[in-house]
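Could you slot chain B onto chain A? The hints should help.
Sequence order for the protein chains is A and B. So for the first sequence, this note's numbering puts the first residue at 2; every next one is plus one. So for the second sequence, this note's numbering puts the first residue at 2; every next one is plus one.
Keep in mind that a hint or two might mislead.
Which copy is meant is left open, because identical chains are indistinguishable; a pair holds if it fits in one copy or across any two.
What the hints assert, rightly or not - Capping the alpha-carbon separation at 27 Å, the derived lysine-lysine pairs in DSSO-like fashion look like this: (1) Lys348 - Lys136; (2) Lys359 - Lys347; (3) Lys405 - Lys331; (4) Lys364 - Lys399.
In short, the hints are calculated from the structure, not lab data.
2 protein chains.
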Amino acid sequence: MPRYKFKARPFEEVTKLILDAFDSRSSKIVVPVVDSLGYVLAEDIVSDRDLPPYDIAFYDGYAVRSEDTAGASASNPIKLKLVGRVFSEKDHGKFKVDKGCAVYVSSNSPIPEGANAIVRIEYTEEKDNEVLIKKEVDPEQDMILKGDDIRKGELILSEGRFIRPQDIALLLELGILRIRVYRKPRVGIMAIGNELLERMNRGIVYPDNYSVFIAKSLELLGAEPHHLGIVSDNIDEIKAKVLDNIHIYDMMLLVAGASIGLNDYTGRSLEEIGEVIFHGTNLSPGKVSGLVKIENKPVFLVPGHVGSAISCLYNFVYPLISKMFFDSAKLLPVVYAELTSDVDVKKGSYTFRTVALKWKDGKIYATPHIKKLGGSTLLTIFTEAQGYILVPPKTEAKKGDIIKVTLFSNMESLNIS
Amino acid sequence: MPRYKFKARPFEEVTKLILDAFDSRSSKIVVPVVDSLGYVLAEDIVSDRDLPPYDIAFYDGYAVRSEDTAGASASNPIKLKLVGRVFSEKDHGKFKVDKGCAVYVSSNSPIPEGANAIVRIEYTEEKDNEVLIKKEVDPEQDMILKGDDIRKGELILSEGRFIRPQDIALLLELGILRIRVYRKPRVGIMAIGNELLERMNRGIVYPDNYSVFIAKSLELLGAEPHHLGIVSDNIDEIKAKVLDNIHIYDMMLLVAGASIGLNDYTGRSLEEIGEVIFHGTNLSPGKVSGLVKIENKPVFLVPGHVGSAISCLYNFVYPLISKMFFDSAKLLPVVYAELTSDVDVKKGSYTFRTVALKWKDGKIYATPHIKKLGGSTLLTIFTEAQGYILVPPKTEAKKGDIIKVTLFSNMESLNIS
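One chain only, chain A, in its complex shape (with noise of 0.2 Å):
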């Protein structure tokens, strides 16, 4: 049987084709807002009102003229009529403070007119009808104004942002129940090998467990991965199991079985089936990596070393999901960290590293992993980190150099210590 050949192309070439080959099929769909927690928003939301909608009482107090307060104090107590209570938006205009009056608010409800600050309770002590003030306000004091808050028009929460508790809280208080969001794209992953299948017949549960780090890393980033099962080195078996697939996902990954050894069949099986839009690149790990387009969808050939998978999980997949499904939404977080060593680059390539992070003194540190065989091998190159560097060719990376870190996901900024 003929070795299977690929093509390298340049990192940058790659990149492009990717991207290029697939137009954005993001799609929207309405959610509950108090269901939407995590979801990536899909429209821009803007206030229809003024936040607060009238002026309100910060403090439970009395609504006062501040004038009426003048040289009020302690000793010198300034006796007010009182003439109502405010408790709620719904005793909204129901008083009016008039020159030596005063109206009892509590803390979030609308003011009277005529009132233009607040007296707070502790300052304060009511006999009868009669409240007797014991210290001078300013105007405006302890009261929030109309529109303080949100004014009417205003762009309060822009398109590609996760939502968040505050942010549902401030939706709720806007009247707003229902928003559109990014659906999550599914990703159907097969895992391809003999070697898998018959450490599997040996009684090894998950010998596929590369392939369960990914779908763990594409459900942190908000996809919603299904994990298919592994396949044997079967070009027929390999075809048909991506074509009873395809129409079901969104995207699907085969991993493993993507470098030019004698047992890899997953290049060719697809090369059948569908167009290449490349296979192999510059990168390192990750060279093998490579993307079929099958019946109008990606189909990518992730590598089965773990540091060269995630390499092309981090560097292929992830762009690319982001421009399909999110239209374009930074999906991960990024932070700038000082390298406390030189990075042991390799020439000629795109270097994937990852790197451990530590706060110092005010600082982060990146300090990258570095394994006899560069980094592609092992799984503690990620236990022991939290996030990667990607360093390009005929750059070096030194000590004391300030590099961009992207972190694997958002979780990871628990572990910065």
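Same frame as chain A, but now just chain B:
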């Protein structure tokens, strides 16, 4: 009716009172590793084996004795006798590499006895039962040695960390299928206030949106919040609702009604059925926060202003949740940022302020929110921020200072632009 009185205690004392009032009640549950994403690990994981379990090949190629390749090059290939093929661990021990011999090995497969290096497939040519070696290789070249990744007895994951995709992959690699994690605490949240019920009656669907804010925040913290609806300002009703629910939850939060206004019944309701741990402190905003022990469980009085409510949540509720249910694990990300302006601190108080974070030129900057009423009132101080700072009394926080910022949740790391 007499005004309810509370006694403000110093913040440090309150913090100690809260943590001393309740012992740890963490409960550890066993979950399948593949379903453990995002849980907090409740045990140390030690490897029971070396990884890899034997020397393996890093690339597809030929296992050889490096001394047999001395002087080999493309123009001067050295011929070795092909004595077998290793495709997976199933073939472990099947072959032996004697002087002048080679065995084909696919990547990640065990290296046969006698061999001490791998020649990558690109530097070889196979003909009949012979292999032409076109490159000299060093001892251990392109091999991963037994135990290179992990040694038997090594601590690989520590108790208290959040379980990430790569941790799952490593656990499965070690044959670990189930692990102990902390059960999520169940937190019951009730909103209190006639004004909320009135707003609901007027057709506002979520008048208690601050409770939704708190519930969603707790969800991101790793708790299981249950929203119990709105209770009126009625002492008997509040008591009954708390006593009805307290046996179901690990903790309860009563939102609003914790200040000293005429309408605030929460404090006096709870002192009749439990032991007041504290009520009132020099935290600003959040002064009227409180905690009552009822049937040996914590019931927090969460003030009704959004700033005060969230200040109470982060300063008092979260630390107690961490102590009681996660054996004091760190549940929130921290960054150290440079202040872009002076913080308007409240004299004599611990000042809680939200900050907006931005990366610029490799440094992270924090802009404190300055609203005229000290940042306690409005939702935008949260929607425009990613975290908070806490400034102790008699401390200044000035432009240019490096200050510790706690992110509201790990999701915030996505928004630091």
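Which numbered hints fail
none
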